[in-house]
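With the hints as extra help, turn the sequences into a complete structure.
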Amino acid sequence: MPTFVQILDFIGTFAFAISGIRLASAKRFDWFGAYVVGLVTAIGGGTIRDILLGVTPGWMTDPIYLICTGLALLWVILFGKHLIHMHNTFFIFDSIGLALFTVVGVGKSISLGYPFWVAIMMGSLTGAAGGVIRDVLINEIPLIFRKEIYAMACVIGGIFYWFANLLGIESVIVQLISGSSVFITRVLAVKYQICLPILKGEEEAE
Amino acid sequence: MPTFVQILDFIGTFAFAISGIRLASAKRFDWFGAYVVGLVTAIGGGTIRDILLGVTPGWMTDPIYLICTGLALLWVILFGKHLIHMHNTFFIFDSIGLALFTVVGVGKSISLGYPFWVAIMMGSLTGAAGGVIRDVLINEIPLIFRKEIYAMACVIGGIFYWFANLLGIESVIVQLISGSSVFITRVLAVKYQICLPILKGEEEAE
Amino acid sequence: MPTFVQILDFIGTFAFAISGIRLASAKRFDWFGAYVVGLVTAIGGGTIRDILLGVTPGWMTDPIYLICTGLALLWVILFGKHLIHMHNTFFIFDSIGLALFTVVGVGKSISLGYPFWVAIMMGSLTGAAGGVIRDVLINEIPLIFRKEIYAMACVIGGIFYWFANLLGIESVIVQLISGSSVFITRVLAVKYQICLPILKGEEEAE
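These protein sequence lines map, in sequence, to chains V, A and E. Read in order, the letters of the first sequence correspond to residues 1 to 206 in this note's numbering. Read in order, the letters of the second sequence correspond to residues 1 to 206 in this note's numbering. Read in order, the letters of the third sequence correspond to residues 1 to 206 in this note's numbering.
FYI, nobody ran anything at the bench for these hints, they're computed from the structure. Any given hint might turn out to be false.
No distinction is drawn between identical chains; accordingly, a pair holds when it is met within one copy or between any pair of copies.
Said to hold, decoys possible - Keeping only pairs whose Cα atoms sit at most 20 Å apart, straight-line, the calculated EDC-like set for lysine to aspartate or glutamate is:
#1 K27 / E148
#2 K27 / E140
#3 K191 / D94
#4 K108 / E170
#5 K147 / D94
#6 K200 / E148
#7 K191 / E148
Spelled out as structure tokens, the structure:
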């Protein structure tokens, strides 16, 4: 029986893979290219985190991420034309993934004894770096650097994790608080189109 | 005296470096930029693999890869205008490199005790990731995501390696079978222009 | 009290972060995106070096790099319109950073027992790889592959380091010689617009 966290992990991985595969299909990639972009979106952030932390990436010990990406590809091949009508569902799934990946990244760093700023960086990398690599591979400027709040939700979740942890709250509750803060921040940001200020270029700043 | 595998390794590295340097020259890179792109094409895949496997990249213990890339640069500077007439030769060299790099990647992973899906991933990374970094550096969408079968040849070679290994065949024969399957797949794919299906975009899928 | 090297390190980090943040602002990134690009420019080279050397990246043990990038972002937000008049100051700061980062990269590799070609590679990566990642993230062809001598200054500094070290010169003097050679090469290259030859494309080479 998979645990609740494993189910969330599967949902998040699936949603991240779908986001990569959809963007790859818009660029007319072949099935293999779409699979690679989907996989990188799903596991890229966690892999960079694990390399930095000096531990073996999760997908090298459990094939579930490769299988999950394969199912995501199959889904897009079979039901691609309906995906556009499932926009809201995938937005919720993607936000679940963002929340869970952040919590996993922060928790792993803390359990390895890293200080809080590293934990917050690792949570944000886990949540958002896969999407950055995805955008580099499809030769676009990374979306998260310009659109509404995304990686900042990870930073906020990381800060909540740290404070809740400092207060001596029980581990499961800490994770729930942190994950919820990521999820809620992300949903509110999209609902109310909350963006960070654009950094003005030098010619405009006069 | 270099061994047969070392000669193949040199040929493959040279061919991979040439492919990077030629694309860099089309973008009007300077000699240094061309060297870097050539080097990354040749050693990028193996470096990512070794970082993931937690071992020291090969080029950090043997300068042959840096020297070989230097020779490739010299070759392009001196004989650049004849390269276009040597297209078939370089295609064969490149396919040899692809086959050898895949076999090395799969073999290294298995000898370190990783499961078969990791070994296949590592074989494919060794063969194809250098070309992906090359294309990112010259700011193009990676070729292997859209053109005829390339990285899929590595996957096929990895699967052959695994099965032959499971059957208890002797190590050298396993490597020959695996490498040949990569080489033949690649040559047939180009000869008959075998492509994977393009993933249809949402607007076209209606 | 910070040491002289720590002050140079701060100046270099600040200048590298500013260069990333300015390019991000030209692409209309938001504050978060600009911070990420600035951070990657400042710490990207050292991080790749440390992953290859198998040691923990410096920014994971000391938050100064994250803070320094934050100050650089604040600086651009507040004084962005004056930056263009400080062009020469930032060029000098950037060259100091390039020199120091090279020296640190070469020194770290030698102290870990790596051979000279690895040390020169690591010095160049420390100095120049951050700028390459920066350019990939803003979706431009890396500047250092085409404009006046930049990473070659790191290579020269690495060679000077190695020779001075071989001659048994005292460590501090070795570092001064190496750093000065990077700085002077870079300043002369810009002052006299010294470029490496462009690698001719195949169609032009006839």
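Fill in: Contradicted hints - numbers only
none
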